[in-house]
Amino acid sequence: MDTYLVGGAVRDQLLGRKIVERDYLVVGASVDKMLSLGFMQVGKDFPVFLHPETKEEYALARTERKQGKGYTGFVCYAQPDVTIEEDLRRRDLTVNAMALDNSGKIIDPFNGQQDLKSKLLRHVSTAFSEDPLRVLRVARFAARYHYLGFTVADETITLMQEMVVEGELENLTADRVWKEFSRSLGEDNPEVFIEVLRKTGALKALWPDLDKLWGIPNPEAHHGEIDTGIHTLMVLQQAVKLSQDIGVRFAALTHDLGKGLTPQSKWPTHHGHEKSGLPLVENICRKLKVPNQVKRISLIVCEYHLHCHRAFELRPDTILAMFNKLDVWRKPDDFELFLLSCEADSSGRLGQENSDYPQANYLRETFKACKQISPKQFVEQGLKGKDIKDAIDKAKVEAITLVKKQKM
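This note's numbering puts the first residue of the sequence shown at 1, with every later residue one more than the last.
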């Protein structure tokens with residue numbers, strides 16, 4: 001019975017990255033043997049155990065044979081005669097197919113160390129194509145290790161493209177797709193995730209409304225980058241600088257979906273794209289089972305981002321109406337995420353990356369002024385029911401007007 005540290009822990013140790021979790025592989029053992037040593041079995045599809053003291057995961061070495069479609073149709077063989085090399089062969093990338101034994105020796109049958117030096121993400125074998133989820137995983141790894149200069153090997157890109165053409169991604173469930181999207185959005189370079197998906201055709205297969213944005217022009221006077229797809233990724237990059245919130249980053253991808261519906265005869269203008277984009281945001285959120293909080297931020301950013309950009313031009317009563325629609329009174333944290341998203345949209349344009357966005361602070365100040373108004377004073381005046389609401393609204397409009405005068 002031999003135990004090895006495997007997978008991401010070995011990869012990140014060689015890269016000098018912080019190891020978040022450690023996974024271990026056991027060769028030459030059986031389920032009964034592991035249970036007799038006090039391990040607790042937790043794996044459903046194949047034998048995985050928790051160490052009795054550290055609670056770290058230990059899996060029996062196994063081989064897999066594809067039987068059926070998708071990423072669940074595998075027959076697993078996990079017996080004491082499975083070797084370390086056989087187990088590593090079933091893994092996705094060479095940089096993930098290395099093991100470290102107790103003496104510190106690295107077992108590397110597929111040249112993962114060389115690919116680390118070459119900064120390449122390369123598939124171990126053609127068995128890679130048996131699991132469609134790996135298309136998204138590789139794109140996520142490309143985003144994670146972009147800062148180190150990693151790229152996806154050409155032959156792996158080709159294999160991923162073939163998987164897309166063969167319709168393998170149709171077998172993925174919504175929760176698994178969203179998990180990869182959300183984890184990738186949490187990286188420092190999530191735009192690379194989208195770029196790899198586009199290059200392989202996976203974005204068109206999974207999210208055609210987003211893929212469609214490339215090639216659709218914006219007015220050059222406001223968008224030096226012109227292309228809506230390029231602008232979308234620039235907004236995503238700015239969102240990363242401004243916030244770690246997944247909602248802000250996802251809103252960057254959804255805020256201009258409506259431009260994909262603009263008739264070509266109307267290009268490069270996109271009047272009304274905010275409203276027309278709402279059903280597309282609803283659709284992708286439903287398709288991927290996006291969490292409600294993320295969905296809400298995406299919808300309000302899609303519908304009201306131009307209101308925010310034009311804040312200084314809006315009448316005080318229009319600002320109040322927007323505040324009511326955004327439900328800022330009950331959801332002030334969401335309002336802040338909305339403002340950050342709009343700032344990312346503004347700075348996500350060629351030549352505007354470092355520009356100020358005073359609209360955000362203006363709206364923050366008007367919101368603060370409105371919050372100072374209490375119903376109590378109107379109740380004390382003897383007002384009731386609708387009269388109280390009307391008086392509060394009037395007072396808020398006056399407060400917004402005062403802030404606007406101070407800014408002009």
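None of these hints come from the bench; they were simulated from the model.
Among the clues, some could well be false.
Derived Cβ-Cβ restraints for the label pairs, each shown as a range [as the list claims (entries may be wrong)]:
| hint | residue 1 | residue 2 | range |
| --- | --- | --- | --- |
| 1 | 272 | 376 | 33 to 43 angstroms |
| 2 | 220 | 356 | 19 to 29 angstroms |
| 3 | 387 | 356 | 18 to 28 angstroms |
| 4 | 109 | 15 | 13 to 23 angstroms |
| 5 | 385 | 219 | 27 to 37 angstroms |
| 6 | 19 | 356 | 36 to 46 angstroms |
| 7 | 35 | 15 | 50 to 60 angstroms |
| 8 | 170 | 358 | 22 to 32 angstroms |
| 9 | 374 | 18 | 43 to 53 angstroms |
Please read these numbers as outputs of a predicted model, since none were measured by experiment.
Heads up, the beta-carbon is just placed ideally off N, CA and C, and yes, glycines get one too.
Hints violated by the structure (numbers, ascending): 3, 5, 7 and 8
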